[in-house]
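Protein chains in written order, with my numbering: chain U, 1 to 270; chain L, 1 to 428.
You may find that some hints are simply not true.
Cross-link-like lysine-lysine pairs, in silico, BS3-like; alpha carbons within 25 Å at most [stated by the list, open to error]:
#1 K241(L) to K94(U)
#2 K306(L) to K117(U)
#3 K111(U) to K94(U)
Hints are computed from structural coordinates only; laboratory data are not their basis.
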Amino acid sequence: MMENVSFATAGAHARAPEMPVKMFGRKVEVFYGQKQALHGVDLEIPERQVTALIGPSGCGKSTFLRCLNRMNDTVAIARVVGDIRLDGEDIYDKSIDVVELRARVGMVFQKPNPFPKSIFENVAYGPRIHGLFKNKAHLQEIVETSLKRAGLFEEVKDRLDEPGTGLSGGQQQRLCIARAIAVSPEVILMDEPCSALDPIATATVEELIDELKQNYTIVIVTHSMQQAARVSQRTAMFHLGRIVEVGPTEKMFSNPDDKRTQDYITGRFG
Amino acid sequence: MTDIPASSRLAGAPRSESAVSDIRSGLSRRKSAQTRLKIYGIVAIVFALTMLGILVGSVVSTSIPAWTQTQVRLDVTVPDDETPNYRSLVNDSLVAAFPQAERDRAALRRFTGILSNGAQFWLRDELQASGAAPGSTVSIWLPVSDPFEQLYEGVISPSTPENRRPLNDQQIADFQSLQQQDRIRSVFDWGLITNADSRFPELAGLKGGLIGSAFLMLVCLCVSVPVGVGAAVYLEEFAPKNKFTDFIEINVNNLAAVPSIVFGLLGLALFLGFLGMPRSAPLVGGLVLAIMTLPTIIITTRAALKAVPPSIREAARGIGASEMQVIAQHVLPLALPGILTGVIIGLAQAIGETAPLLLIGMNAFVTSAPTSMLEASTTLPTQIYIWFDSPERGFVARTSAAICVLLIVLSVMNLFAIVLRRRFERRW
Ligand SMILES: Nc1ncnc2c1ncn2[C@@H]1O[C@H](COP(=O)(O)OP(=O)(O)OP(=O)(O)O)[C@@H](O)[C@H]1O
Ligand SMILES: [Mg+2]
């Protein structure tokens, strides 16, 4: 139905004008068994920008994020309705292979979850299963650039064959980011990527996200208003399974339209 | 302050004197509860260890005579015959050692009684192995019969009244004269492991049982591991959660509790009756044990799969691993130590299993070790059963020795399980 990508969402504030829409969801509803977690969410995700999803706990941020690469498929009781498109293609269409989709839309989780394998193998795993390298040297190069982009290479270059689980929490999270970008995804989804990290590691990851937006489209769920303000260009405020306000981050934080957004940002609820 | 009941104190209010003393008196109660629990634990462990010690101690001490073999040295003239009569050769050699037996047939019979009934076969094997030239004389050690072995080992004492022991004074005197001639020795009895079963306790060995059990384990492993792990992976990872899979789950758990003899009946009806497989064959025994261990393997494998952290699955899926790759490359490797432990526990259970094997005839008297899966054979536990059931006194020690061997095999398997676990767990 909606083949045209650049439609305007009624009532929403204009996104950064020069960026085309990479992904969008329309009337997304998610049910966990009888319980409805999302009630008709509309959201556009502009290309090569950071979109932050904020809102109180349990409002459906993770649920929406997990719709974008169909991670909810593995939750037996979850049911997704609505239209979610990547480059105009319906990602819930039968012709779409989730394996390919997840290679295009990567994910970084709240808790760092490196594989119990070496640092090298952690990063090489994606290219390996998708057959993205020509020979061993090429694979090495992919691993190296991914680690460099994730800002981890300098710290681990001498111990690539040591277990990834032996790194510090912040390093592990950056390893997970390197693992995600090693398959050259177009979109990276991050679900509270810094919530298990200390302030210094958080700052490193935030800088990294800022770097990454030059090449990737990023959607990040965060509970930290400062973080949303620092890293994102566009913010969507979720409340009780609905988006109450979406717009440029600057405007959201300086002059929100919705009372609930204002209250949430200023810490009056959530 | 102190007259306020403890329950009505406001949360966050400063603690009163009585609150602190309440906590204190509670503390000592809690501490003594902990100490009591510790003591229960220690008592239970001491009890279990004592029982184990008594069991192992009694088995080992009864088995001692079986580990050694008492032998008589005879000087044998190698015959030049193609097919010599080894029985008369034994007699001739006895006469050489006891000249007085030359004319006295009663004495000769007495001396023959010192030797094992299987001595002639022993002699044949020794002579053929030695390759001595015909006409030459060689010294050969032949096993003594069971009562004399017991005499040598002190189980039968010359001081008990004659009518209360299996050997009379004359026999004891004969044996003692052999001892004075330095013709008696006792050596470690490798035959216990290298011989197959025999009617004569001093010659009976566990080779048949060991090889039979090894065959059984092989069949059991090859059938139950792929089937069990496959079933567990399907049930855990792919099967939809509905009434039907619940039903299967309950039945798998029930199957684990079915008495083993029932599996023997199943094997009897299915493999022997319906499929017409040979009786007493290791293949059939292995299949029966495989069916029996299947629930154990399924249950432990499912537990191991469940224990793999979901974050690893999410991580793999998140970069586009297919469901198959998630399982084969992440979940199974991480579950492997648990699966291996389950498999070895299952096999260790199976190797000691007797009842179902009796039903399919694995307690047959077989005097040669099996060379194929379809030959009649015994197993370690059924061999124990056969020996226990034999009237000859020598089989008492043999039975205990066989139990020791079974226990050693079991300990080695368990050790192996621990080593494997460590190896796979230590990877990271
Ligand atoms: N697997 C699930 N099964 C059933 N209900 C779920 C499941 N996952 C989420 N929910 C429900 O869906 C609603 C939205 O959950 P979601 O995880 O998306 O919230 P969230 O905004 O990410 O919250 P938080 O900030 O705490 O992570 C919640 O009410 C939650 O209870
Ligand atoms: Mg969440």
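Status of the hints after comparison with the structure:
This hinted pair checks out: K241(L) and K94(U) have alpha carbons roughly 23 Å apart, not beyond 25 Å. For a cut-off of 25 Å, the pair hint linking K306(L) to K117(U) stands: about 20 Å separates their Cα positions. For the hint pairing K111(U) with K94(U), the CA-to-CA distance comes to about 31 Å; that exceeds 25 Å, so the pair is violated.
Checked against the numbered hints given earlier, the structure breaks only hint 3 and satisfies all the rest.
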